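For reference, the chains in residue letters:
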Amino acid sequence: MTKLVYFAWVRERIGTAEEEIALPDDIEKVSDLLTFLQARGDNYAVALCEPDVIRVALDKVHAEHDEKLGAAREIALFPPMTGG
Amino acid sequence: MTVTVRVQPDDFDITAELRAMTEGRTDIGATVSFTGHCRDEKGKLSALELEHYPGMAEAEITRISEEAVRRFDLLGITAIHRYGRILPGDNIVLVIAAASHRQAAFDGASFVMDFLKTVAPFWKKEHLAAGGDGGWVDAREADETARKRWQ
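Note that the protein sequences, when read in sequence, are chains U and A.
First residue of the first sequence: 66, per the numbering used here; consecutive thereafter.
First residue of the second sequence: 277, per the numbering used here; consecutive thereafter.
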């Protein structure tokens, strides 16, 4: 099982802050995960309709969309940061 | 060299943080402190709600601060970022950079802020004076441009 965590408007659009999912074996890269999640329901499709905007962190480290998920246990999806 | 990073809901005391940085030190020749405040956007906002990614926020700010220390040969960095509900006029973020000379302190503080804004996982939601929420603040291209000037 992989823990997925969501923040800001990604969290609001999906409708949950976190969940545990058994990811299919054929999901190798971050971009595969986004495509997989988009098909999970309308809320996911709306939240991830512009995948290029979505930022991803693997075990709390920023990751590009072409990176492999590897053995990441916690994957976070969120919009571009607006702190400071 | 000291790197102090805190992510907290509570306010901070700039004078106390400056004292903590410099007390008993005779090697520091310059400190530059930056404080970010919550604007009311000409009366439009009643508050900002700051969300963060616990754990990753601290880790990213620490990584940025340590990079600044290496890059500018700093003698210390203090970086404090608040989360939760912040009212107009209230403090949001504090960065203090200490160095032997002023240019390194200015550059260090500026570097940390430019990266913090674009890399540290924080998000702002607007709450309107007229009631209701004004949605999430969009990331600014200017912030990304500011970060890239260091590369």
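Do not rely on the hints blindly, as some may be mistaken.
Here are the computed lysine to aspartate or glutamate pairs in the DMTMM-like style, where the Cα-Cα straight-line distance is at most 25 Å [claimed, not checked]:
hint, chain 1, residue 1, chain 2, residue 2
1, U, K94, U, E139
2, A, K400, U, E139
3, A, K401, A, D349
4, A, K400, U, E93
5, A, K400, U, D90
Calculated directly from the structure, the hints in this document are not laboratory data.
Source: prediction; values computed, not measured.
Each hint, compared with the structure:
1. K94(U) to E139(U): holds (14 Å)
2. K400(A) to E139(U): holds (23 Å)
3. K401(A) to D349(A): Outside the cut-off at roughly 36 Å; violated.
4. K400(A) to E93(U): violated (32 Å)
5. K400(A) to D90(U): Outside the cut-off at roughly 36 Å; violated.
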